[in-house]
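There are 2 protein chains.
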Amino acid sequence: MTIKDARTPASTQNDSVGAETSTDGEAGKSIGWHKAYVEGTRPDLRVPVRQVHLTNGQSVTLYDTSGPYTDPHVETDVRRGLPPLRENWIIARGDTEEYAGRPVRPEDDGIKHTSPRGGLRNLDAVFPGRPRQPRRGRDGAAVTQLAYARRGEITPEMEFVALRENVSPEVVREEIAAGRAVLPANVNHPEIEPMIIGKRFLVKVNANIGNSAVTSSIEEEVEKMTWATRWGADTVMDLSTGRNIHTTREWVLRNSPVPIGTVPLYQALEKVDGKAEELTWEIYKDTVIEQAEQGVDYMTVHAGVRLAYVPLTANRKTGIVSRGGSIMAAWCLAHHKESFLYENFEELCEILAAYDVTYSLGDGLRPGSIADANDEAQFAELRTLGELNRIAKRFHVQTMIEGPGHVPMHKIKENIDLQQEICDEAPFYTLGPLTTDVAPAYDHITSGIGAAMIAWWGTAMLCYVTPKEHLGLPNRDDVKTGVITYKIAAHAADLAKGHPGAQEWDDALSDARFEFRWEDQFNLALDPDTAREFHDETLPAEPAKTAHFCSMCGPKFCSMKISQDIRREHGGTKAEIEQGMAEKSKEFAAAGNRVYLPIAD
Amino acid sequence: MTIKDARTPASTQNDSVGAETSTDGEAGKSIGWHKAYVEGTRPDLRVPVRQVHLTNGQSVTLYDTSGPYTDPHVETDVRRGLPPLRENWIIARGDTEEYAGRPVRPEDDGIKHTSPRGGLRNLDAVFPGRPRQPRRGRDGAAVTQLAYARRGEITPEMEFVALRENVSPEVVREEIAAGRAVLPANVNHPEIEPMIIGKRFLVKVNANIGNSAVTSSIEEEVEKMTWATRWGADTVMDLSTGRNIHTTREWVLRNSPVPIGTVPLYQALEKVDGKAEELTWEIYKDTVIEQAEQGVDYMTVHAGVRLAYVPLTANRKTGIVSRGGSIMAAWCLAHHKESFLYENFEELCEILAAYDVTYSLGDGLRPGSIADANDEAQFAELRTLGELNRIAKRFHVQTMIEGPGHVPMHKIKENIDLQQEICDEAPFYTLGPLTTDVAPAYDHITSGIGAAMIAWWGTAMLCYVTPKEHLGLPNRDDVKTGVITYKIAAHAADLAKGHPGAQEWDDALSDARFEFRWEDQFNLALDPDTAREFHDETLPAEPAKTAHFCSMCGPKFCSMKISQDIRREHGGTKAEIEQGMAEKSKEFAAAGNRVYLPIAD
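Line by line, the protein sequences give chains A and B. The letter at position 237 of the first sequence is residue 286 when you use the working numbering, and the numbering goes up by one with no holes. The letter at position 538 of the second sequence is residue 587 when you use the working numbering, and the numbering goes up by one with no holes.
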């Protein structure tokens, strides 16, 4: 594997977002972390990595989701959007065509001609980047990675993720072909750096963003997206529900290096003024096409909320807590009809196949409290999702299944086991689960616990929860806290699953810790900035960065220091120690018996 | 069960630490939370609880560790110390005697006569409270709760914890007698509100405090102790290592409503100027007696670090990471002798039995990195702890066993299973474990995941980890974050274990959430202040506290609101819904089909 450094010799210092390098004064050698690329079999296939150069001359390569923003050689401009990395790959396949596309209407942004506040879209907000026409499968062909995988084709996208995951491209193809993994990559979102979601791969993390009727702007949402990916979000869902919903999504898509997911039902509801019973299949379908043309990579579809299941929620403590689930339940009851999503599922499959939009089959009846976990309503819906998964596969639509929610620890395993069985091992994508209801303001933690466990047992992607869950809209700090917490859960699961190479990161950091290489410890940390800040809070002085202790124990009580001294004094290996222990003991005594320096009294 | 309210009718408002009440303007009824007591069979046996009064007229009773500080009727003064709640119980047993006690020496505070900074203790810092003489078992009698339980006696302490845990006193006695639970309660610490640690009881949380040679003062440590118990710490370990170690402990003990643990080895090492090889059994023993006379309730003793095990750590990634473990390893190697703690363990048992100091048998060889988890060194020591546990029991000394450390998720269960088997089900007391090494600054989370899991599987007490772990000394905020995170882990485990009554708390909070009783949601939260603050950040207006939505989804997309409307429209129970659904559907349409109010455009 060849890794090309993104730095030129003349430019080892830069201050672009996320990239940090520093120079070790003594050796004159650049340490820290920066962007690099692993090169594939073709010049336009370069997989980004985060390269951490250690003070001991070694380096560690980490997965990188931050996109071109952290590459000092790429000039990014949110008004122009990211370069369309995959465009040539898509064109070269020759199975798609550009077309005029559905005209964008004021209603797409939640603006009615009859609105008292004026009938025109805010044209200033419209994304100013290069003009583009939407693309779709020629003659309705399924242009999905699943279709290619089934035909035995290894696409550049598959090779890209193989390099990212350190597995062979054939493993990637096989997992996609078997429906055990998805590679969300709408033909209208060429800007993404391909990634894969499946239990044989690294556990992924999704971050939700989105404005609401109450607060937040387009700029904030774009910033949250880049911020989330900087800290490690593998995909981002734009759950906007307020005004400018179409335009916000356009800005987010054109600037996103990761797949974008949505819940089209939210926008469809805006189009009928929030009246669930006025929703129709036609309005929904139009919204799906609108979003597919923009490039949404995966869509949550709550087609498993069937009329007959709604009464099953009647005795629940917290009823239906999924927004999409409650909207569909209201529609079903208002009309006393089967869900139009369920009824028109095959037609929906045809649409998604033509853009390679991946299904995320929504769990509209997920439990919203510990009391409601693993109940009849939840599992009835799951069985329907299993049925829909098989239909989707007939149309070559990539599919993952959403999971709960609020589940106490002892009921978590049943969720993943049942899902895997019922859904033919399709990737499971869970929200947490939260393992208790009693800690609003800390639900990133209540759910991080459940997330780590369910990922260990086979969940492929975790939807993050921020500290604001149940309380308010997350700000930038909350997004970071949510992402970091979930990266911890995901990595803990990668370790527990024995994912090849996962432990190398832990080992590198623990080596740095044991050897008091503080700078390396910070640079290898999931969040270098905060680790450094916490250390410096008590011991800010520069010499402390090389000190053989920290403020926790002070120099006298540093167990690592004592442990090192023991090794130095008594030889490094077990055999050496056993052999020479008695003898060394005498030398040790003769040498003054100092295992550490006493501090000045 | 009788619950007496700590408020007088004239005093429903107060501003003492932690107690908060507010008045619901409309009903004129006091809501919020405040201190109350559950009364036992004798007037001096009153168990504190946190009573949460809800806006719907119901109330919820929660476990309370905050001590008299949150009772507006008790005037507390850190210079006087807390009232000696248990003093009469101890005296009434007639098996202890007061005696002159060991004289306190300047060295106890780490001050040498030869010190260049002056040979006298800082007398200003000496605890000014009521004079007291230490107490111990008459004629060396074992005055431990274990001895009483084995004789079939139910002490007031046992009744106290039975009321706290909502179980019968006989269950408490049985669990203690069997060695499956400990009730740490030194006869010289009458200030504590008794609590129990065992797998059949609520999972407990310990918070570490303690100054170090590098920073922090006595006042800070006392403040951290009260702060930690306010947020739910069940015990506190004073791990001070710097100056004023004796005096700091005295202040902490006299003001602590929870059991205090220590590691006597730290102070013993201070007495020999930090030279491990100069430690002797005599110095150690003198330190244990000094601390037992002060009232330390449990002591970590690293007697399982045997000479022969030290070489087993030679090939580890992070060697020995327990401070006590590394000190004992250094001693063993320096002398090439068996550990003096192991050799003199029986004599130590006799001392501890005379004060009812509980053993916390330290895991000096715990793994300090994912790479070292569950290795030969760790389990060799565990087998020795099993042996020592049996010896301790012969002397009627209550005993718990400490556990790791850094362990990936898939290796956690082996730890608790082996410990329970080897140590005859003695309570396990673990530090985390941390499930990955890569997130310094977030180790409360990396370890909260492991803590929740190991507690579910039977660990009785969890030693918290703060965000500063591996980086620096925790401040007040870090202590709070650590405690709250671990209360989450403990409660998640209580739920998973099906602990009687545990879910009532979750249910009450989820009911409040579903019914938009925001004030109740805040008051029931593990951290009411932060929950309220987060909510108000986006929707600060007072009407939002009764609004049927929050800023996350806004009014149109609130699934709980839609869910409620469905219930209102379609009847409450499953039968009602099924029966009347079609008919209701028509009415619903006739009524305008509104499941929620559209917001103004």
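There's no promise every hint is true.
Covered, in the sense of this in silico footprint (three residues per stretch, anywhere, with C-beta under 8 Å from a C-beta of chain A), are these stretches of chain B [unchecked claim]:
# : segment
1 : 181 to 193
2 : 217 to 230
3 : 269 to 282
4 : 297 to 305
5 : 359 to 366
6 : 501 to 512
Don't read these hints as lab results, they were simulated from the structure. Every residue, glycine too, gets a C-beta built ideally from N, C-alpha and C.
State the violated hints by number, sorted upward, taking the hints as numbered earlier in the document. Violated hints: 1, 2, 3, 4; rest satisfied.
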